[in-house]
Amino acid sequence: GAGVSQSPSNKVTEKGKDVELRCDPISGHTALYWYRQSLGQGLEFLIYFQGNSAPDKSGLPSDRFSAERTGGSVSTLTIQRTQQEDSAVYLCASSSDSGVRAQHFGDGTRLSIL
Amino acid sequence: TQLLEQSPQFLSIQEGENLTVYCNSSSVFSSLQWYRQEPGEGPVLLVTVVTGGEVKKLKRLTFQFGDARKDSSLHITAAQPGDTGLYLCAGALSGNTGKLIFGQGTTLQVKP
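So the protein sequences, as listed, match chains A and B.
The opening position of the first sequence corresponds to residue 1 in this note's numbering, with each subsequent residue numbered one higher.
The opening position of the second sequence corresponds to residue 1 in this note's numbering, with each subsequent residue numbered one higher.
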């Protein structure tokens, strides 16, 4: 498809397990962003990749969170030793690196930690 | 800490009424975007405003960027049930980065 694709759409796991969330950005978009959203709330910035530059990790809430972007395209967000407070919708967005850089979002992964 | 205050957080109105949502900050933004999000989906861009004082219209929606580029408003005329959703403002800080600061969102419910 032409849009941002995220998988899985839903993930239920037990506290303490590791999870990997995947994002396929729009082809040609050099910028990729991860956000976290609690129910009905705004978006909390997590991490930002721009081309070959070092990622901006300033929003990652703890060292249990990490993200990679391979080949300038697909990205994975990994949460180790999940906690109940990690339950949220994780959204990925991509944008071009010129102009006003409108962000195009995927539909998110709803993560539930039991 | 850069912060974008959005108000009101929740709004429930009758079809046909008008409403305004506000975003305010002490920071200056190079641009400001408004998104609308429906349950189970990602936010979708409505508009981007770039110039201080700029006004953009999208059918019944009017967006304004403050003269000092620190605030913005979204006005909806004659709201329809289809306008129901979560509205998010997001500001881009200067410095040639695509990173956005999002407001807390306004949940709008338009009752028929």
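Hint data in this document are derived by calculation from the structure and do not stem from the laboratory.
Hints may be right or wrong, so weigh each one.
Restricting the straight-line Cα-Cα distance to at most 20 Å, the calculated cross-link-like pairs of lysine to aspartate or glutamate (DMTMM-like) are [as the list claims (entries may be wrong)]: (1) K99/B / D56/A; (2) K99/B / E20/A; (3) K11/A / D24/A.
Hint check:
1. Of the pairs offered as hints, the one joining K99/B and D56/A holds, with about 9 Å between alpha carbons and a cut-off of 20 Å not exceeded.
2. As the CA atoms of K99/B and E20/A are separated by approximately 23 Å, the hinted pair breaks the 20 Å bound.
3. Between K11/A and D24/A the alpha-carbon distance is near 17 Å, which keeps this suggested pair within the 20 Å criterion.
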